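Novice: Fit chain B to the known structure of chain A by using the hints.
2 protein chains.
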Amino acid sequence: MATIDDCQSIHQLIVALSIFEKEPHQVDINVEDLIRDGFSDNPLFRCLVAQREQKIVGMALFYPRYSTWKGPTFHLEDLIVQKEHTHQGIGKQLFKEFIAYAYRQGVQRIEWAVLNWNKNAIDFYKKSGAKILEDWRLVQMTRQQMNQYLN
Amino acid sequence: MATIDDCQSIHQLIVALSIFEKEPHQVDINVEDLIRDGFSDNPLFRCLVAQREQKIVGMALFYPRYSTWKGPTFHLEDLIVQKEHTHQGIGKQLFKEFIAYAYRQGVQRIEWAVLNWNKNAIDFYKKSGAKILEDWRLVQMTRQQMNQYLN
Chain A
1 MATIDDCQSI HQLIVALSIF EKEPHQVDIN VEDLIRDGFS DNPLFRCLVA QREQKIVGMA
61 LFYPRYSTWK GPTFHLEDLI VQKEHTHQGI GKQLFKEFIA YAYRQGVQRI EWAVLNWNKN
121 AIDFYKKSGA KILEDWRLVQ MTRQQMNQYL N
Chain B
152 MATIDDCQSI HQLIVALSIF EKEPHQVDIN VEDLIRDGFS DNPLFRCLVA QREQKIVGMA
212 LFYPRYSTWK GPTFHLEDLI VQKEHTHQGI GKQLFKEFIA YAYRQGVQRI EWAVLNWNKN
272 AIDFYKKSGA KILEDWRLVQ MTRQQMNQYL N
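Which chain is which? The protein sequence lines are A and B, in order.
Quick note on the working numbering: the first sequence kicks off at 1 and runs consecutively.
Quick note on the working numbering: the second sequence kicks off at 152 and runs consecutively.
One chain only, chain A, in its complex shape (with noise of 0.2 Å):
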C-alpha cells in the first residue's frame, strides 16, 4: 500500500493519465488533497503502487462502494503505469493485487470505468474474464452545475 510519501509520484502519474485521456486541464487537486484524503483516519481511497529501481512507475487507486444488488463492493478509479514503463506486466501485477486485496476484503463485486475508444484497456479487461456493460452510460454534474439546478 501507499504511505503519505508516494502522493508526490501518484500525483504525477494522474496527471500523466489525464494528459492520455485528453483531458489535461481537468485535474484540480494537488499533492496536499491527497495526503489529506487518503492519509487521514477515514481515508476516501488506498492506492496499491508498483516500484523500479526505487522509484514508482505504477499504481491502482480504489475505494469501496455499495451495491444494492450485491452489498459491498470496491472500485478500481485508476490503473496508471508510466509510459516508459509499459509492456513489462506492471499493470497485469497492479491489477492482479488490487483483484487479490478485494477478494480477500471478501467483495462480491469489483468495479471500473473504460474509456470506449482505448482498444488496449479494453483487451486487457476482456482477457482478465470482466464484463464490458455496453448498455450502461455514466452521468455526472459539476458542482457549478449543481447550483444552477438548485437555483
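Hints are computed from structural coordinates only; laboratory data are not their basis.
There's no promise every hint is true.
To be verified - Derived EDC-like pairs (lysine to aspartate or glutamate); straight-line CA-CA distance at most 20 Å:
| id | chain 1 | residue 1 | chain 2 | residue 2 |
| --- | --- | --- | --- | --- |
| 1 | B | LYS221 | A | ASP33 |
| 2 | A | LYS96 | A | ASP78 |
| 3 | A | LYS131 | B | GLU285 |
| 4 | B | LYS173 | B | GLU228 |
| 5 | A | LYS131 | B | GLU172 |
| 6 | B | LYS221 | A | GLU21 |
| 7 | A | LYS70 | B | GLU204 |
| 8 | B | LYS206 | B | GLU172 |
| 9 | A | LYS55 | A | ASP5 |
| 10 | B | LYS282 | A | ASP33 |
| 11 | B | LYS282 | A | GLU23 |
| 12 | B | LYS270 | A | ASP78 |
| 13 | A | LYS70 | B | GLU174 |
| 14 | B | LYS206 | B | ASP229 |
| 15 | B | LYS173 | A | ASP135 |
| 16 | B | LYS173 | B | ASP229 |
| 17 | A | LYS92 | A | ASP123 |
| 18 | B | LYS277 | A | ASP135 |
| 19 | B | LYS282 | A | GLU21 |
Here the structure is a predicted model, which means the values were calculated and not measured.
Specialist: Just chain B now, with coordinates in the frame of chain A:
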C-alpha cells in the same frame, strides 16, 4: 434521511427496480444486510426517502466516491419511485434533495449510471443539466470471476 425502520420498504423498492431493469434474480442482499451496511457506526451508504400517507414511495440511495481529478464526490446508486406514484414529482423532489445535500457537503461532482434504453430517465437527467458521458463504459467482475482470474 432513512432510518432502520425504513429498510423493509427500501428493500421492496430495490427489488421493484431490479424487475424494471429486467434482472429480477440479481438482488442478493436482504433487509438485514441493508440494516448492517447502512446503519452501523461506519455506514456504507445514505438514503433519502419520500413518503405519501405514512408509507415510503420513493428513495435516493447514495455514498461517497473519490475522483483523482476533483477530490470527494457522491455517487447516486439508486433513484427509485414506486410505479403507482410516478408522474407526481416525487423523483424530482428526491433528486433535488440529494443534490442539495451533496452541495452542502461540498463535493465538487456527483455521478451515477443510467441504462441507455431508459429514455425517460435520460431525458430527466439531460433536462437537469447533467452530462451523459457517451464514451465511457462500465466494467464489472464478479467474485466468481475474481476467483477464476486469481487461480
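Novice: It remains to establish, for every hint, whether it holds in the given structure.
Specialist: Status of each hint after checking the structure:
{"no.": "1", "hint": "LYS221(B) x ASP33(A)", "result": "holds (10 Å)"}
{"no.": "2", "hint": "LYS96(A) x ASP78(A)", "result": "holds (14 Å)"}
{"no.": "3", "hint": "LYS131(A) x GLU285(B)", "result": "holds (18 Å)"}
{"no.": "4", "hint": "LYS173(B) x GLU228(B)", "result": "holds (17 Å)"}
{"no.": "5", "hint": "LYS131(A) x GLU172(B)", "result": "holds (18 Å)"}
{"no.": "6", "hint": "LYS221(B) x GLU21(A)", "result": "holds (15 Å)"}
{"no.": "7", "hint": "LYS70(A) x GLU204(B)", "result": "violated (31 Å)"}
{"no.": "8", "hint": "LYS206(B) x GLU172(B)", "result": "violated (24 Å)"}
{"no.": "9", "hint": "LYS55(A) x ASP5(A)", "result": "holds (12 Å)"}
{"no.": "10", "hint": "LYS282(B) x ASP33(A)", "result": "violated (26 Å)"}
{"no.": "11", "hint": "LYS282(B) x GLU23(A)", "result": "holds (16 Å)"}
{"no.": "12", "hint": "LYS270(B) x ASP78(A)", "result": "violated (30 Å)"}
{"no.": "13", "hint": "LYS70(A) x GLU174(B)", "result": "holds (13 Å)"}
{"no.": "14", "hint": "LYS206(B) x ASP229(B)", "result": "holds (19 Å)"}
{"no.": "15", "hint": "LYS173(B) x ASP135(A)", "result": "holds (12 Å)"}
{"no.": "16", "hint": "LYS173(B) x ASP229(B)", "result": "holds (15 Å)"}
{"no.": "17", "hint": "LYS92(A) x ASP123(A)", "result": "holds (12 Å)"}
{"no.": "18", "hint": "LYS277(B) x ASP135(A)", "result": "holds (17 Å)"}
{"no.": "19", "hint": "LYS282(B) x GLU21(A)", "result": "holds (17 Å)"}
Of the numbered hints listed earlier, those contradicted by the structure are 7, 8, 10, 12.
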